[in-house]
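Colleague: Those protein sequence lines, which keep their order, are chains A and Z. So the number in my numbering is just where the residue sits in the first sequence, counting from 1, plus 216. So the number in my numbering is just where the residue sits in the second sequence, counting from 1, plus 47.
No lab work stands behind these hints: they were computed from the structure. Predicted model only: the values in this text are computed from it and were never measured. A portion of the hints provided could be inaccurate.
What the hints assert, rightly or not - To give a feel for the contact side, a few chain A residues facing chain Z, derived at Cβ under 10 Å: (1) L379; (2) A383; (3) N453.
Claimed, not checked - Simulated coverage check for chain A against chain Z, where a stretch passes if three residues somewhere in it have a Cβ under 8 Å from a Cβ of chain Z: (4) 372-378; (5) 391-398.
Unchecked claim - Below 20 Å or equal to it, Euclidean Cα-Cα: the simulated SDA-like pairs (lysine to any residue) are: (6) K175(Z) / T224(A); (7) K175(Z) / R378(A); (8) K175(Z) / V313(A); (9) K175(Z) / S372(A).
We put the beta carbon where it would ideally sit given N, CA and C, even for glycine.
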Amino acid sequence: MLKNRLATVLIWLSAALICAVFVCLLADMLRNGLPRLSWSFLSQAPSDAGRAGGIAPIIVSTGLIVLVAVSAAAPLSLATAILLSEFSSPNSRFCQVIERSLEVLAGVPSIVFGLFGNAFFCIYLGLGFSILSGGLTLACMALPIMINTATVGLRSAPDDYRLCAAALGMSRGAALLHLLLPAAAPAIIAGLMLGIARAGAETAALIFTSGYVDRMPDTLMDSGRALSVHIYDLAMNVAGGDANAYASALVLVVLLLIINSLASSLTQHWLRNRIMTS
Amino acid sequence: MTTNTSNTSHCADNGNPPEHAYTLGPLQVGPPCCDPEPLLRVDNLSLHYADKIALENISLAIYRGCITALIGPSGCGKTSFLSSLNRLTDMIPGCRVSGSIRFDGLDVRSPNLDVQHLRRDIGMIFQKPVPFPLSIRRNIELPLREHGMRSQAEINDRLQEVLRDVGLWDEVRERLETPAQALSGGQQQRLCIARALALQPKVLLMDEPCSALDPIASAVVEDLISRLQGRYTIVIVTHNLAQARRIANYAALFWMQERGGRLIEFGRCQQVFEAPAHRLTAAYVNGQRG
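All chains, full assembly: derive it from the sequences and hints.
Modeller: Structure (structure tokens):
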């Protein structure tokens, strides 16, 4: 009886601790960042090294970098996931080699990705410090998690669908397109969201690839400063930049939250519509 | 449906039923089905999963327009036999098939065969109904479109025809656009049968189509199957001996021997149930074994 109660208390305590960490973090950010947040903060360019002004060009740069990352990583990861789940057996040599490489890739520190991106995209491919280089580097980073979630999602689609579709003389491609991908859609979208979150929150890899420039970017070949880089710069290199750093962090978190909930509600809506309409 | 067996004058087991004590109630067979003309001919079929033998040296003929029931205890390879007929065994890693299967003069095992076309001709119904997570209409429309039917009017006609065939039309005509997975189990199974019928197959393979259903739904599906007799060639796996007796024209008993599943006895349903040639059959149909 006592043991049970003790265990219950411990479990509740650990859960409460987790919540407390989150609440503290959020409260800290809100307390320090909210007073600075205003429409002009969101719509103006930074001035005085970021101590004053807003973060408009930085939001745009961040958006562009994430967009480049997702549009490069999503098709690649989807294709790989389809290959892994539908066209090769999980025990095959080939599959194991790919999955092991993905595990290693997932564990590589982001600073290493930054160095690789700098050497490969900026210098070797001649893209320079640009939003394109940054986005492509982030795509490499987001690949493992996106491939893994999509593969797991596809593998957990009911085998009955595959069998039944085959018994109706449907091709594997048709079964994939009409039955398996929709069944795996929530997992694929979740992977996409994790990828975006990872890309949006990345700092180290971007310092070396998309650079520091806080002007409004004209093209993808311009250097652009991401929100996380901006926060890092304000907090570490600019005396008196703390308040704006907090405000920027709040914007970043809110943006990620919005993208996340938008994507999951869109998926739900789309799946429901698919069933309703012929 | 309840035609007396004495009408089956051209069938092999004509004559007075032998005076066997049977436990399953009076015998009923379907209407006299057929000139026993084989549509599917299986010779020396063996089937291995990795290093395990599932079936060994099965030879039998499936007759056009008849219902053939495969009976026998679980794990004796009935389902494996069924899925080798439409090459669904291709989907199972490590599964090897040997022997010959001829369908309407076609070599089913030929590597050059168009498997998708074969599976269109030989439809399959599974134990658990598997409606796709789409609307009722889309469930039937999807395979039709995959097989190249483009005209919406033609699709609608076919949809209505098969839903009427399975007795589902009046139940679902108002809600064709609603999710198929919201139907009851029995309705789902009938939808699956309609979906298979929509492709106008010659043969229907049914793997225990009633065993996941409640008795009433099961009776409806069984009734449907016996109505399909004559229009389609049906091979049905069933553990329900009374059902096999009621609907089948031919019956085959499979049994697990030490070297894998074997065909013990094959013949007219009445003969298998009333005058079994093999002692295992006699024991099984009288409920003493299995």
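Colleague: State the violated hints by number, sorted upward, taking the hints as numbered earlier in the document.
Modeller: Per hint list: 3, 6, 8 violated.
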